[in-house]
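Protein chains: 4
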Amino acid sequence: MATKIKAGIVGGAGYTGGETIRLLLNHPDVALTFVHSRSNAGNPLYSAHADLRGDTELTFTDSLAHTVDVVFLCLGHGESKKFLQENPFPASVRIIDLSQDFRLGETVGDRTFVYGLPELNRDAIRQASNIANPGCFATAIQLGLLPLAKTGALGEVYATGITGSTGAGQKLQDTTHFTWRANNISAYKTLTHQHLREIKRSVAQLQPDFAAAINFVPWRGDFARGIFVSSVISTALSLEEVIKVYRDFYQGHPFTVVYDDVVDMKQVVNTNKCLVGLEKEGDKVVVHTAIDNLLKGASGHAVQNMNLMFGLEETAGLKLKSIAF
Amino acid sequence: MATKIKAGIVGGAGYTGGETIRLLLNHPDVALTFVHSRSNAGNPLYSAHADLRGDTELTFTDSLAHTVDVVFLCLGHGESKKFLQENPFPASVRIIDLSQDFRLGETVGDRTFVYGLPELNRDAIRQASNIANPGCFATAIQLGLLPLAKTGALGEVYATGITGSTGAGQKLQDTTHFTWRANNISAYKTLTHQHLREIKRSVAQLQPDFAAAINFVPWRGDFARGIFVSSVISTALSLEEVIKVYRDFYQGHPFTVVYDDVVDMKQVVNTNKCLVGLEKEGDKVVVHTAIDNLLKGASGHAVQNMNLMFGLEETAGLKLKSIAF
Amino acid sequence: MATKIKAGIVGGAGYTGGETIRLLLNHPDVALTFVHSRSNAGNPLYSAHADLRGDTELTFTDSLAHTVDVVFLCLGHGESKKFLQENPFPASVRIIDLSQDFRLGETVGDRTFVYGLPELNRDAIRQASNIANPGCFATAIQLGLLPLAKTGALGEVYATGITGSTGAGQKLQDTTHFTWRANNISAYKTLTHQHLREIKRSVAQLQPDFAAAINFVPWRGDFARGIFVSSVISTALSLEEVIKVYRDFYQGHPFTVVYDDVVDMKQVVNTNKCLVGLEKEGDKVVVHTAIDNLLKGASGHAVQNMNLMFGLEETAGLKLKSIAF
Amino acid sequence: MATKIKAGIVGGAGYTGGETIRLLLNHPDVALTFVHSRSNAGNPLYSAHADLRGDTELTFTDSLAHTVDVVFLCLGHGESKKFLQENPFPASVRIIDLSQDFRLGETVGDRTFVYGLPELNRDAIRQASNIANPGCFATAIQLGLLPLAKTGALGEVYATGITGSTGAGQKLQDTTHFTWRANNISAYKTLTHQHLREIKRSVAQLQPDFAAAINFVPWRGDFARGIFVSSVISTALSLEEVIKVYRDFYQGHPFTVVYDDVVDMKQVVNTNKCLVGLEKEGDKVVVHTAIDNLLKGASGHAVQNMNLMFGLEETAGLKLKSIAF
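For the record, the sequence lines run as chains F, U, X and P. All residue numbers for the first sequence refer to the UniProt record's numbering, where the first residue is 1 and numbers rise by one. All residue numbers for the second sequence refer to the UniProt record's numbering, where the first residue is 1 and numbers rise by one. All residue numbers for the third sequence refer to the UniProt record's numbering, where the first residue is 1 and numbers rise by one. All residue numbers for the fourth sequence refer to the UniProt record's numbering, where the first residue is 1 and numbers rise by one.
It is worth saying that the hints were derived from the structure and are not from the lab. Careful: at least some of the hints might be erroneous.
Pairs count within a copy or across copies, as identical chains cannot be separated in the list.
Only pairs whose alpha carbons sit at most 27 Å apart, straight line, appear in this in silico BS3-like list of lysine-lysine [said to hold, decoys possible]:
| id | residue 1 | residue 2 |
| --- | --- | --- |
| 1 | K200 | K284 |
| 2 | K6 | K81 |
| 3 | K150 | K244 |
| 4 | K244 | K189 |
| 5 | K82 | K284 |
| 6 | K4 | K82 |
| 7 | K6 | K150 |
| 8 | K200 | K171 |
| 9 | K284 | K189 |
| 10 | K244 | K6 |
| 11 | K319 | K280 |
| 12 | K81 | K280 |
| 13 | K6 | K171 |
| 14 | K319 | K4 |
| 15 | K189 | K171 |
| 16 | K200 | K280 |
| 17 | K4 | K171 |
Note that the coordinates shown come from a computational prediction; the quantities given were computed from them, not determined experimentally.
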């Protein structure tokens, strides 16, 4: 590749900002041009992300270069739309937004957004100028449901998911205090998690008459990274048929791997992969899915979308060594 | 109490044996008379349970005193029945079996067993000579379902539960290797966990026509102690009505506490308590239950049963300081 | 015991306040009379300490009963002295202060304080009206050094210690954020920890000419409860002689147990015990000590002191079930 | 690079074997030619390393290709020498041995080994045919001591280090049982760790008259990956002078980063970096070092040595995304 893609990051001091920096610094086809953070402007990146000391001397900036090719918005929910209204980039600059501001069809100025789930919308992503990057739980749940939705036979879903503390961001909170969270499990947003909206939208894209409930109980886990979801669904298909449906659906998608077996979460931590494990008992199929909430659930997914938008190899810069242990 | 109850423990070197020792050593009305362990005979208890050094000089024995009042069997599944066949205690000795050997109505010799869930069978337990102590997941799930079953209106259940590594015992296994289990989540025995049998039996005791499925997905958690279960059930009752049903059911039961709110698992770790948290959204009630798998899920439950059998205060020796943090 | 000791707690919403509540609620000889907390006044104790729900309906108060027998001050460092100045209890009310305000001989009004380390000052504690309860690291380190100091031959000390997150209190901080602290180790206050002052004072009490350095490197651990310290000291004594020195020193002290072997921290978590493990190689003895930082390191130690002050069994209310696993 | 280096791995089913596979699969200049494992021959790599499913279809083999350029020996201590005796590769095949078999000058056949610590022996490594890869604790401790040794003024060292469970390998052991190790700290091999031999050898290489003791207390930590060491040393140098000594020593070494401050371990987990944090108080300098025990402590270090031996960029294939959180 002759010329590198010039990329900027807005909101670079948070967790997804940090992960996006880490990925882009090592991406073979990208030049990280600016990392915007109003509160950290002038400080080296490693002042906020200590692990980067020795890797880069780049500093945070509070000015925005408009000559970049792509901007990653790593802002809080509600802040991305406001930011783009106040800082209208030229139309030639592509936007990848990691917040939930544009996942349900919202627009800003002339910008319309493609929902950036490559396993669902890869062709559209390749043509897109703006991407609404999926939510973390939304990714893990959808990748467990979409193949069945494509058969037109997805019924009511009962899903329980557990997430690492990084899903709650870096703000200090009672529920991310080490003393409280260590060795603890708790439920939150029972049946009301905001990601259900984007999940239902994607399901309806494949199965327009889907009208059943998706009952989702999210749990807080006592680990920092990862999401694990088990979804229970009634189906008339045999396990072999279910496996074929999933394998066909994910054929050619490099990051989503289907198992005819259980899976464990740590296999994907620090990678952009999604594991899908399938089991069946009686008339119930159980789909286990596992992702790293900050990578396939956020920043890795965003870089995957960038790769597609710019015609790069889909896996460029994303062949990451898993933590493994 | 003038005379102390003389208690023996069989299988005292394992986790539930250790917990039973810890409880009985501090129990105001019990004299721990023998701790049987063939493989450890002659060694001090603290050779297997290092935390007991300084607390007791008692040693394991391979002989069985028949003059005790009660024997706790802390053996592996399948071993209790065999043990009682080979070592028939006098009829006057009461048996509390922590295995699953007698939970479904099985007998040995003249001994018949009462299922030792005080919240369900307290009066029968008070009269019982032999107790089949409930399973850990079985306890957590039943305490979440029984009040609804008593209304006669329990329907299909979708439950996900997570358990600490102590639930898998002290045998070295791939799934209890620290390197694998730390920061990991995995599913096992999906929809086929053996505790479903005793759960269905208890539900049928209250709601004889119950014919719906109890879909249970167990997960391995990355902590040592505790169980957390979220069960999703359709109901026509309002949240207020559900809360009343649960509060009425557990009225007078000292260890089971009903919340009209979420609960977190660590509140009960190292105690004999069960927390029941209730939420409702649409037509679904979600019941969260939390116990310590080794106490209310095993040894604490067993001592609670002993207290009832011998007419002691139900909470004697079981007012335990929680780990809290 | 005919009449129960009436006890009050000031600063009952924090970690050491919570632990003191948990201990006193179950103490056979104590009536918990008030729990003072300005910010929580009127709320039930379980609003701050969720695990107490179901155990007590007591509420926090902002008024101070002067008719109690003993008050535990569970306040931040610097606040105890101020509190006693503003709220002078009658001389008949004994004070046990868990802060560091009175550990170096400080006084307030007529009150002078005995340093509440029973293994060092048991007779004085029995006569004391006011106790300065030792610090957590100070307890773990001193119990590893004092027997050698008593021989008059303690030399330079190199100690490294690790503490759980509860040692940092319940205030939200970057270093107690779960995401940062999980699976992490870090050093802080290298060679300058404030507990060195009280340690040196106790050493000098036994070995007045001690002039060597105590080099202490504290680490933050990725667990909630517990302290583990390894101290390396040159000595001319053989291992057998060292062991005898320690065993003699702790003879008759119920909570401190000497091993001629290594020890592991979790054996003492949720107990009031201190383990002392001794090893020797060449001319160096290595003393490993382990305590629960909130119990033998704070609230349990305070209750032990209360027991001594009021002529109770030293272990009353402190025979706690360890977490064990 | 026109032709890729052909690399083989012997002992590919263990932890260091797995990490070496992960690194070489993504290395731009290497073709992973064979992965030898007698017990797993014929099975896919992902049968032993589940995270590799979807990444490679390579299988384990029990035959050894002699046409490779380099072989990594990931065998247990004592097995490497035996393996090379029984399987003499042609002299043209370079060997990188991760065991301790050749770290003290041992030879096998005509093969002599260079101690593979690039910060000490980079020029010799570039010329070497055979590398003895350093131990994990040895790496962390040496990188904290060598700059002072080079000044000729290193004195007695008091070091405490903590290691993750992966340091103990994948064999099931009591001390790697999750139930025991979670939330626990313990000491082992106090003052007698086998890595002291190679540490003293390297120190003597820079300071031939070094005769003082290196007192090292290793601890087992409750995490899977990482090593953190704090070393206390008397020195006449000021902190500024010490920092200059360390910065000069590591000038041009890409993986070792010197801080004039504390460091925390998790910054380096899943990377090949070593952090060196320096503090001073009185006449004592405290050197904190942190590495990932499986990377800079084993497989990453081995690949770094391979890069040097074959004239590649020293960091090729080793710019790894840290776990960060």
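A quick look at each hint next to the structure:
With identical chains, the CA atoms of K200 and K284 are at most 27 Å apart both within one copy (21 Å) and between copies (18 Å). When the C-alpha separation of K6 and K81 is checked against a cutoff of 27 Å, the pair qualifies only within one copy, where the shortest distance is 22 Å, while the shortest distance between copies is 51 Å. Taking the shortest alpha-carbon separations for K150 and K244, only the intra-copy value of 13 Å comes in at or below 27 Å, while the best inter-copy value is 43 Å. Taking identical chains as interchangeable, the C-alpha atoms of K244 and K189 lie at most 27 Å apart only when they sit on different chains, with a minimum of 23 Å there against 34 Å within one chain.
For the identical chains of this complex, K82 and K284 are neighbours neither inside a copy (44 Å) nor across copies (37 Å), given an alpha-carbon limit of 27 Å. In the homo-oligomer, the alpha carbons of K4 and K82 never lie at most 27 Å apart, since the shortest distance is 29 Å inside one protomer and 50 Å across protomers. Taking the shortest Cα distances, K6 and K150 never come within 27 Å of each other, neither inside one copy (37 Å) nor across copies (44 Å). In the homo-oligomer, the alpha carbons of K200 and K171 never lie at most 27 Å apart, since the shortest distance is 29 Å inside one protomer and 39 Å across protomers.
With identical chains, the CA atoms of K284 and K189 are at most 27 Å apart both within one copy (25 Å) and between copies (14 Å). With identical chains, the CA atoms of K244 and K6 are never at most 27 Å apart, being 41 Å at best within one copy and 37 Å at best between copies. Taking the shortest Cα distances, K319 and K280 never come within 27 Å of each other, neither inside one copy (32 Å) nor across copies (41 Å). In this homomeric assembly, K81 and K280 never come within 27 Å of each other (Cα to Cα): the closest approach is 43 Å inside a single copy and 33 Å across copies.
When the C-alpha separation of K6 and K171 is checked against a cutoff of 27 Å, the pair qualifies neither within a copy, at 30 Å, nor between copies, at 42 Å. Taking CA atoms no more than 27 Å apart as the test, K319 paired with K4 passes in both settings, with 19 Å inside one copy and 19 Å between copies. In the homo-oligomer, the alpha carbons of K189 and K171 lie at most 27 Å apart both inside one protomer (19 Å) and across protomers (25 Å), since each shortest distance falls under that limit. Proximity of K200 and K280 under a CA criterion of 27 Å is satisfied in both settings, with 24 Å inside one chain copy and 21 Å between copies.
Proximity of K4 to K171 under the C-alpha cut-off of 27 Å is found in neither arrangement, the shortest distances being 34 Å within a copy and 46 Å between copies.
Violated hints for the displayed structure, listed by number in ascending order: 5, 6, 7, 8, 10, 11, 12, 13 and 17.
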